[in-house]
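Following the hints, position chain Z against chain Y.
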Amino acid sequence: MLKKEISDVLKQTVFFAALALVIPAFLIITTIISNQSYFSVFFPLFQFGLLSWAFFMGASLFSVERGQRGMEYLLSLPYSRYQIVGIKILPRFIAVVLFYVVFLILYTSGGEDLVMLPFFSFTFIYFSLYLISLSLSASSENFLVLFVSSLFSLFIYLNLLLLIVGLVVLTKGPPLRFIDFRLFFSKVWQPELNVLGFISVFVLLLPLLVCFGLSIKKLDLRPAKVYNKRFFKLLAPIFLGGFILSFLFANWSVGVEYSYFYLTEDHKLIESTPYSGIKIYEGNKVHKVKGDFGFWWPSPFHEKNEYVYDRISDRFSNKIVRINMSDYTLEVLYEAPPEKYFRWSIWIHEQTFAFLEYNRDHSDKKFVLLDEPSRKVTKIPLDVKPLKNHYQHTIFGANRANGQRFWLLMTWRNQKERHIFKLWEDGKIEHVGISVRWPFYINGILLSYSEDELIIHQEKEGKYVPVQRIPNPEGYRFGLSYYFRTTLDDIPIKKLYGVKRITLEDQRMGTSYATLTLKNFKIEGIGKTQGRMDYYYPDDVYFIESDPIEPEIRIYKFMNGQVRLFKTFEDFDYKKPENRSFWCKSGIVLRRGKKVKVYAYPDLKEIKFKKL
Amino acid sequence: MTEKIAEVENLKVNIGRNTVLDNIHIQFQKGESVVIAGKNGAGKTTFLKCLANVILPDQGRIVFSDKVSPEKMGYISDQLSLFENYSVKQGIDFHSSVYQIQDFDTTLINELKLNLNQKIKNLSAGERTLYHLGLILAQKPEILFVDEIIHVIDPYLREKFLEAVIDLIDRYKTTVIMVNHTFTEIEKIPDRVLVMEKGQFILDEKTESLGGKLKKVVAKEEIPEEVPCIFKREASYLKEYFIYPFDEEFRKKFPNDYKDINLNEIIKAFIGGQYVKKGNQ
Chain Y
560 MLKKEISDVL KQTVFFAALA LVIPAFLIIT TIISNQSYFS VFFPLFQFGL LSWAFFMGAS
620 LFSVERGQRG MEYLLSLPYS RYQIVGIKIL PRFIAVVLFY VVFLILYTSG GEDLVMLPFF
680 SFTFIYFSLY LISLSLSASS ENFLVLFVSS LFSLFIYLNL LLLIVGLVVL TKGPPLRFID
740 FRLFFSKVWQ PELNVLGFIS VFVLLLPLLV CFGLSIKKLD LRPAKVYNKR FFKLLAPIFL
800 GGFILSFLFA NWSVGVEYSY FYLTEDHKLI ESTPYSGIKI YEGNKVHKVK GDFGFWWPSP
860 FHEKNEYVYD RISDRFSNKI VRINMSDYTL EVLYEAPPEK YFRWSIWIHE QTFAFLEYNR
920 DHSDKKFVLL DEPSRKVTKI PLDVKPLKNH YQHTIFGANR ANGQRFWLLM TWRNQKERHI
980 FKLWEDGKIE HVGISVRWPF YINGILLSYS EDELIIHQEK EGKYVPVQRI PNPEGYRFGL
1040 SYYFRTTLDD IPIKKLYGVK RITLEDQRMG TSYATLTLKN FKIEGIGKTQ GRMDYYYPDD
1100 VYFIESDPIE PEIRIYKFMN GQVRLFKTFE DFDYKKPENR SFWCKSGIVL RRGKKVKVYA
1160 YPDLKEIKFK KL
Chain Z
1375 MTEKIAEVEN LKVNIGRNTV LDNIHIQFQK GESVVIAGKN GAGKTTFLKC LANVILPDQG
1435 RIVFSDKVSP EKMGYISDQL SLFENYSVKQ GIDFHSSVYQ IQDFDTTLIN ELKLNLNQKI
1495 KNLSAGERTL YHLGLILAQK PEILFVDEII HVIDPYLREK FLEAVIDLID RYKTTVIMVN
1555 HTFTEIEKIP DRVLVMEKGQ FILDEKTESL GGKLKKVVAK EEIPEEVPCI FKREASYLKE
1615 YFIYPFDEEF RKKFPNDYKD INLNEIIKAF IGGQYVKKGN Q
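Those protein sequence lines, which keep their order, are chains Y and Z.
Adding 559 to a residue's 1-based position in the first sequence gives its number in my numbering.
Adding 1374 to a residue's 1-based position in the second sequence gives its number in my numbering.
So here's chain Z without its partners, still in its complex pose:
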């Protein structure tokens, strides 16, 4: 049985004259891991900042479950924002006092083998990301927001980061909402995939069902108009068609070689489709 941890109602955010988030309604469940994708400027980061209380909506509201107190929320921004004039030790002390952490679990931070007197501003991007995650892990968070940072971390630390996140989900049933472009290395994480476009969610699917709903057809000829194609890519004389939503009936009515594709390609298809749509407008 699923347990609702957060509900977003009628969320709207403007920056200047641009509507960045437009009337969003969505719910998140306890323990689910969600990845939000979308092309640049789609509103992913703004949405995550709204969830993290860093940007306050112009309209609508975000309601968290009673179990999610502000002390049980963690946010790692794409800017890796921390008080960087603090030393590693001062950062831990400050975070402990603000989040009222009695026994600070320094396991992850210790693995980084950081000098405690080192200033945070002197840490590498990867170290800083894992250090920040270490601070948040000590909160034993109910919900964690992570904004597009995986690509700035080297492969070794990236693996450590992902292991820690997976461990968090397993141990505390933490809800993780990540913004990411590529799914190559995080394919195992998401239970649910959201794709944003122009401040709205255009895809909201469970990962397990997404494979069955999106297929690829590689053909020389045009596919029938009745087959919903979200993105078409032409490579030499062959054409790639990404079909969504796919219906098993299509195999009989419009016989073709409907191929399964991985999550990364699925997301690429959605994002590519948006670029094509924009070009046609």
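Bound conformation, chain Y alone:
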């Protein structure tokens, strides 16, 4: 009998494959579709066909026998119902998997840009549709009814998954805000789908499969309504069980979607949660920021007056925003055009925000200048080599010369070969040089590196001329922390701090620190920690050590010419997903599960927020 089933499936496979190959050819030959390659017509149609195939392979379990008046003969054969169904499922399942493998091969051989649905969504819907239509295969003799009921069930299934996501978020994290059907059709892997976990996704399909398994045991020649009565009688309790089980798995597999924090200079605490928006804690009060802006991971790049500036980037848009901390409103200063992105590297100079904007493959890269007061946007194309071929870039300084402003941009493909460019306001682009480490620019002085030297450049007639080469055999890299990369306009800096840490191995061995006095360019070693230096402060400098062995965080401070232990936060295992530390310009926020504690510089005393 297996031979018969293989033969039936083979015939169907040949028919399907022929159809999939011929239709695109027909569309091209008849010029219904023109100016496109065969593959670009074939692959999208093939994917659509595959979904039909998945449905057909599931729903057609008994279609051949029904079509040939052979159902009675089939059921009278000396096999149990399970044997019959097993023999029928096996070749169909193999066919479903084989065609999926064909899809994978085509997908990885140039089909990536021709996908009808995103890869994950396609895979998920392909196999779900197969299992759903298989589960419903005996519920009707009418193929159209099976088709409609399978699609409807798939729709219900996807929405039940969303409901489970929502319930998990409600149970473990902040309240549900936006989750909708679109996430299954997004081009990128969605965290909400990660949240579910594969087990949870599969378990929700189980009730249908289990009911099918239990009902098929009693499949006979009576009308489908007799079978369906049994099927749905079983489905009600099993579905409830499956739903609860799926929820439990989802709940168990998901990392808690906790809040993210930022402490402002005037000691207000910003809290952002994936679905419930933004709150601002201020002493005993809490305020909700008005507006609908999607998820925001607060990591402001600038604070000025009552404003905190940040970038919001979600799957729908990239924006530069500012929060007004006095009236708790959020204002969009700039929104990137569709399919355009920009990085965290936003440099502020004389009220102008400078950043790079590009499309997914970096073929269209622009230098954008946003004048904050007027909101005027200037875009300068960056199509010079090697800049246009580099995917990594950071703006690290700005200044004014000859009545015109310029910005310094570092780009690289190879970490040991960082190219420095000078981008002028009028669109002119100059290649300044190459550094093996991250360069730095302050007060007209440019620091770059060779393998074992720190090179000091000074501006002379618009050029950077090396004026001093300082041996740097330790390979220290001097600069400021992330929090000061955005503007140096108002910060009086006398010393830079350097770190010798390039690889993870170095980090485990310990990190050495040094200072560079800007007056005489003298390098002095100041100490060592086990962890990493996460934060520089212009006056007081703190070094944060996340111990990979002991579950604690140690804060070191540069005091009396040395790095000394300043404070220890015990019982903080940063490897646990519910624990997270937020290093802000003005302090440290430690989250242990739902407990949040805030410590402010310079003495790291705890700040209490009553409603937190």
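Calculated directly from the structure, the hints in this document are not laboratory data.
Backbone N, C-alpha and C fix where the C-beta goes; we use that ideal spot for every residue, glycine too.
Some clues are possibly wrong.
No more than 27 angstroms apart at the CA atoms, straight line, and that leaves these computed lysine-lysine pairs for DSSO-like [claimed, not checked]:
# : chain 1 : residue 1 : chain 2 : residue 2
1 : Z       : Lys1495   : Y       : Lys563
2 : Z       : Lys1463   : Y       : Lys562
3 : Y       : Lys849    : Y       : Lys863
4 : Z       : Lys1590   : Z       : Lys1562
Partial list, derived from the structure: chain Y residues whose beta carbon lies under 7 angstroms from chain Z [what the hints assert, rightly or not]:
#  : residue
5  : Met560
6  : Ser635
7  : Pro637
8  : Lys777
9  : Asp779
10 : Leu780
Over the 10 angstroms line for every Cβ pair with chain Y, so calculated as not near, a few chain Z residues [claimed, not checked]:
#  : residue
11 : Thr1376
12 : Leu1536
13 : Gly1585
Below, chain Z alone, put in the same frame as chain Y:
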């Protein structure tokens, strides 16, 4: 000595809200040939489909003797169900492989002079019936179920079919359970007659004793109420009374001309009686 080959216990089948088979208990013996009759919708076909494992009971069970493995059961449905896209040859190959038949006896199929490459769907009803019987004969079945198909076969093939069935009974002591309305041409076959009504058996008699238990009286007058009449038919001024169960004592107590009738008329009387009963309800 009789040998039990199948026992049906407490069998119940519902279709929707209708109870089609209602609490049936019955046994079948090895080598006996049974004909099940009854009016349309009585449950005969459903009962046969239950025996053939095509319909699974909602309640009760059917226990076959250890000798009756699933490979030793044959079923010819009233729909003449086969994989009709198969050719005659493919059908034989498939049946041989499923029923693990080593030496397929094609005698009956050869007599039909079929083209082996001909599709089963292109066979006539008669050819298809005999072809299916040929497939089953190759199994050397212990038990054969045949659902109301005799009337769709032409007289020549019908005779061949019946000969083959009789041969099967003689050679292998196969138990044959047939559903049929008319007994005209199969009168020689049944050892036992069952009549169904509303999902239950209302008559279960050996054929040889049935003639003595059912008599017909043709009279102008009404017969006494003490004489059990299952069916009364009025033809002009005469009335036909079918008496069941007949007792020889009736001849003395209620003298009448109690006539013997053939099997076909007996079954007609039972079925007719059910229609009359239904009309009176």
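Status of the hints after comparison with the structure:
{"no.": "1", "hint": "Z:Lys1495 - Y:Lys563", "verdict": "holds, 17 angstroms"}
{"no.": "2", "hint": "Z:Lys1463 - Y:Lys562", "verdict": "holds, 15 angstroms"}
{"no.": "3", "hint": "Y:Lys849 - Y:Lys863", "verdict": "holds, 20 angstroms"}
{"no.": "4", "hint": "Z:Lys1590 - Z:Lys1562", "verdict": "holds, 21 angstroms"}
{"no.": "5", "hint": "Met560", "verdict": "holds, 6 angstroms"}
{"no.": "6", "hint": "Ser635", "verdict": "holds, 4 angstroms"}
{"no.": "7", "hint": "Pro637", "verdict": "holds, 3 angstroms"}
{"no.": "8", "hint": "Lys777", "verdict": "holds, 5 angstroms"}
{"no.": "9", "hint": "Asp779", "verdict": "holds, 4 angstroms"}
{"no.": "10", "hint": "Leu780", "verdict": "holds, 5 angstroms"}
{"no.": "11", "hint": "Thr1376", "verdict": "holds, 26 angstroms"}
{"no.": "12", "hint": "Leu1536", "verdict": "holds, 22 angstroms"}
{"no.": "13", "hint": "Gly1585", "verdict": "holds, 35 angstroms"}
Comparing the model with each earlier hint shows no violations; every hint is respected.
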